[in-house]
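> As a plain string of letters, each chain reads:
There are 2 protein chains.
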Amino acid sequence: MLSDLTPLRVSLKEREILSQLEQLSARSGSHSPSLGTMQQLIPEINVDIDSCYLSNPLATDLFWSHFNADVLADPQLFKRMLEAYPSQNREIAERLSTALGIDANHLFIANGATEAIQAVIHNYSSHIHISIPTFSPYYEFAGPHTQVTKFQLDPAKNFAVDPEEYVESVLRSKADTAVLISPNNPDGYLIPDADLEWILSQLSSLRTMIVDESFVHFADRPTAPGGLPTLTGITQQFENVTVVKSMSKDFGIAGIRAGYAIMQPERVDQLLAHGYLWNTSGLAEYFFSLFDRSAFLTEYRQELFRYRRFIDNFTTATARFDFVRAFDTSANFQLMQIHADVSAEVVTALLLLRHGIYVRNCSDKIGLDGEFLRVAIRTEPENAKVLDALADILS
Amino acid sequence: MLSDLTPLRVSLKEREILSQLEQLSARSGSHSPSLGTMQQLIPEINVDIDSCYLSNPLATDLFWSHFNADVLADPQLFKRMLEAYPSQNREIAERLSTALGIDANHLFIANGATEAIQAVIHNYSSHIHISIPTFSPYYEFAGPHTQVTKFQLDPAKNFAVDPEEYVESVLRSKADTAVLISPNNPDGYLIPDADLEWILSQLSSLRTMIVDESFVHFADRPTAPGGLPTLTGITQQFENVTVVKSMSKDFGIAGIRAGYAIMQPERVDQLLAHGYLWNTSGLAEYFFSLFDRSAFLTEYRQELFRYRRFIDNFTTATARFDFVRAFDTSANFQLMQIHADVSAEVVTALLLLRHGIYVRNCSDKIGLDGEFLRVAIRTEPENAKVLDALADILS
Chain A
1 MLSDLTPLRV SLKEREILSQ LEQLSARSGS HSPSLGTMQQ LIPEINVDID SCYLSNPLAT
61 DLFWSHFNAD VLADPQLFKR MLEAYPSQNR EIAERLSTAL GIDANHLFIA NGATEAIQAV
121 IHNYSSHIHI SIPTFSPYYE FAGPHTQVTK FQLDPAKNFA VDPEEYVESV LRSKADTAVL
181 ISPNNPDGYL IPDADLEWIL SQLSSLRTMI VDESFVHFAD RPTAPGGLPT LTGITQQFEN
241 VTVVKSMSKD FGIAGIRAGY AIMQPERVDQ LLAHGYLWNT SGLAEYFFSL FDRSAFLTEY
301 RQELFRYRRF IDNFTTATAR FDFVRAFDTS ANFQLMQIHA DVSAEVVTAL LLLRHGIYVR
361 NCSDKIGLDG EFLRVAIRTE PENAKVLDAL ADILS
Chain B
1 MLSDLTPLRV SLKEREILSQ LEQLSARSGS HSPSLGTMQQ LIPEINVDID SCYLSNPLAT
61 DLFWSHFNAD VLADPQLFKR MLEAYPSQNR EIAERLSTAL GIDANHLFIA NGATEAIQAV
121 IHNYSSHIHI SIPTFSPYYE FAGPHTQVTK FQLDPAKNFA VDPEEYVESV LRSKADTAVL
181 ISPNNPDGYL IPDADLEWIL SQLSSLRTMI VDESFVHFAD RPTAPGGLPT LTGITQQFEN
241 VTVVKSMSKD FGIAGIRAGY AIMQPERVDQ LLAHGYLWNT SGLAEYFFSL FDRSAFLTEY
301 RQELFRYRRF IDNFTTATAR FDFVRAFDTS ANFQLMQIHA DVSAEVVTAL LLLRHGIYVR
361 NCSDKIGLDG EFLRVAIRTE PENAKVLDAL ADILS
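Protein sequence lines, in the order shown, are assigned to chains A and B.
Residue numbers for the first sequence, in my numbering: 1 to 395.
Residue numbers for the second sequence, in my numbering: 1 to 395.
Worth flagging that the hints you see were computed from the coordinates, not collected in a lab.
Hints may be right or wrong, so weigh each one.
Unchecked claim - Only pairs whose alpha carbons sit at most 27 Å apart, straight line, appear in this in silico DSSO-like list of lysine-lysine:
id : chain 1 : residue 1 : chain 2 : residue 2
1  : B       : K174      : B       : K157
2  : B       : K79       : A       : K79
3  : A       : K385      : B       : K385
4  : A       : K157      : A       : K174
5  : B       : K174      : A       : K79
6  : B       : K150      : B       : K174
7  : B       : K150      : B       : K385
8  : A       : K174      : A       : K150
9  : A       : K385      : A       : K13
As the list claims (entries may be wrong) - Taking CB as the label site, the calculated pair distances span:
id : chain 1 : residue 1 : chain 2 : residue 2 : range
10 : A       : V71       : B       : G356      : 52 to 60 Å
11 : A       : H339      : B       : P144      : 51 to 59 Å
12 : A       : D269      : B       : R80       : 50 to 58 Å
13 : B       : R27       : A       : S294      : 39 to 47 Å
14 : A       : D74       : B       : F296      : 50 to 58 Å
15 : B       : P222      : A       : L72       : 54 to 62 Å
16 : B       : P222      : A       : A26       : 41 to 49 Å
17 : A       : N123      : B       : A194      : 36 to 44 Å
None of the values given here were measured: they were computed from a predicted structure.
Cβ atoms here follow ideal geometry from the backbone N, Cα and C, with glycine treated the same way.
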């Protein structure tokens, strides 16, 4: 990346640190090195805002306040939570069932959504058709005997999934599995309900149709009273659909590792018959138990609506930027394309060095041709700093 | 079980609760229902001592005191630990490497030992030969296409593994995988070093030889200065050996889910190339980071030696019991055979109802013919109560 510095003014000291960052990124493969890792290796970096991490910070605060009142206030309970075996998969599924409006026997509780993705791909897929750009585990987790084929999304069309082109591409590929993330990571495109329903109806003969709704809480969707935003009203018409859901994004608790998948009961039975015995920690079990409380969900919805306004404010501001192309988003992040002469890697590094802001450089995302950043939307004061910093470096 | 009550005096009220417990056990399959689950469903039960859970309670206290000083004293750090993505598998392996004296590229970090067992059986085994009785995931995790064959251990020989008979049995079975747990769960038999070395040398052509050393800290073994008890001095001579290690037993932190396996670097590479991206929680990462501190390990060894004396005292006492046969153990639990006329399930329930003591009823263990209890050894005051309660009900 150091050869791409020309269009930007960079000091000698910055140049040196950029080179260290380059080495670190190379070692992390297709996922950004964690902030902790970066700070450990390059102490000069002082991270003020983590705009790489896609979470609702208001929900983290809400979780934290309940956790303090329920758990930290009762040290013996907390100690026991760390000491004792957690409950097994099905018991936790029971607790989640009511809040989700999904029968417990359809629920596979996972140590983060990535475990659910791995379970489905390793067990119910021999050829997977992905839409690129995408979340990399969907192709990385395909083993040596699983074929991967691709459908290219088009930035010129705002990464929209054209239903007819998509269905034709899947069927032509002869894949037994296809994945739609909606809203998609990294572009934030939400497939309209009618399109999704039509696509799923056309692909109902696939062995496995994965619909990843990890970011759906952030989309502007009608929600049943007392319910949470979801695509399951559509997906549950189709037996072959597996819904994947991370809890790290909407609840901002990636360190706890909590996610789930909704699938045919026979598949849940098979998976649990041969594994996943105690795959949920005591802390994740506590988190799932919060779903049993309608008071918690009411508070969560309030925080979600408040956060959605932050997203609106952020995207309204970036729409006025003439130095990046910010794509429409239904998620809590925004993909931005910068001028082809400027390296996204260098911009990412400069945001970090000069402003302490960590955004996702998308150079390693397959299916993205050009220079792209993915910026997580956070609190209002943080967003203001991020917007200023982007303008400072790029305008 | 209610038909087996005759040899014991049981009240009407006890009889009623026994019937509820029976239903609960039936639903939990081959693993005991968790204490939490039992207490939720049968509020009459007041559990004072969990002698089902196989852990060193002194180590839990040690962990808890470090956790308080390092994490609970710094709420912002703790909140960040719950909020942020944990480090990836290889970074955690690096931290564990020095304390274990094992190259990081041989280490697969797992969300509890059960995840490591699942990974190995699902990926590197098509026919597994187990020694029964055993830890049930070793056969439960075998999928529909994995054959399971068995070597029967003999209570009359204290469940000792006869090296020649064992090797012959494995080779005759044509299995590509065999498992030795040493000390074994549920009987506590430790395979002598010379026997283990000879067995492994004879089975070096197997695709996968699993040695589970989850309980080895409790065995009386020579340990390198500053090191932890381990069988790896023997196992690392053989390329086909995978060592499985739970951290729940020695460190008493089952709720955190932490374990690892040691295997050929090519296998670690393969597993991580197609999964296990963020399979460790922030809390487990903190736990693994304690291994980087020699001061922590020094304190741990002191607590381990103190706990080993509790084990000695307990087994000395049970050796004098004439109403049960307590098997020699190198682990932190003891298997006890009771009179064939008395149901282990009823004794377990009565220990719980009358004394608030929860022990493991082994009725569901395959390869155990007769009535057996497995009793975890805990603190001195707890052990005294357990010994009294056993005498009260059985003598």
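> Look at each hint and say if it fits the structure.
Against the structure, the hints come out as follows:
1. B:K174 with B:K157: 26 Å, holds
2. B:K79 with A:K79: 17 Å, holds
3. A:K385 with B:K385: 62 Å, violated
4. A:K157 with A:K174: With a Cα-Cα distance of about 26 Å, the restraint between K157 of chain A and K174 of chain A holds, given a limit of 27 Å.
5. B:K174 with A:K79: 46 Å, violated
6. B:K150 with B:K174: Status holds; Cα separation ~12 Å.
7. B:K150 with B:K385: Answer violated: K150 of chain B to K385 of chain B is near 37 Å, above 27 Å.
8. A:K174 with A:K150: Holds, because 12 Å separates the two Cα atoms, which is no more than 27 Å.
9. A:K385 with A:K13: Roughly 23 Å between the alpha carbons, so the hint for K385 of chain A and K13 of chain A holds.
10. A:V71 with B:G356: 52 to 60 Å: 24 Å, violated
11. A:H339 with B:P144: 51 to 59 Å: 55 Å, holds
12. A:D269 with B:R80: 50 to 58 Å: 38 Å, violated
13. B:R27 with A:S294: 39 to 47 Å: About 27 Å separates the Cβ atoms of R27 of chain B and S294 of chain A, which means 39 to 47 Å is violated.
14. A:D74 with B:F296: 50 to 58 Å: 26 Å, violated
15. B:P222 with A:L72: 54 to 62 Å: 42 Å, violated
16. B:P222 with A:A26: 41 to 49 Å: Taking Cβ atoms as reference, P222 of chain B and A26 of chain A lie about 43 Å apart, which means the hint holds.
17. A:N123 with B:A194: 36 to 44 Å: For N123 of chain A and A194 of chain B the Cβ distance comes to about 42 Å; the hint holds.
In this structure, the hints that do not hold are numbers 3, 5, 7, 10, 12, 13, 14, 15, in rising order.
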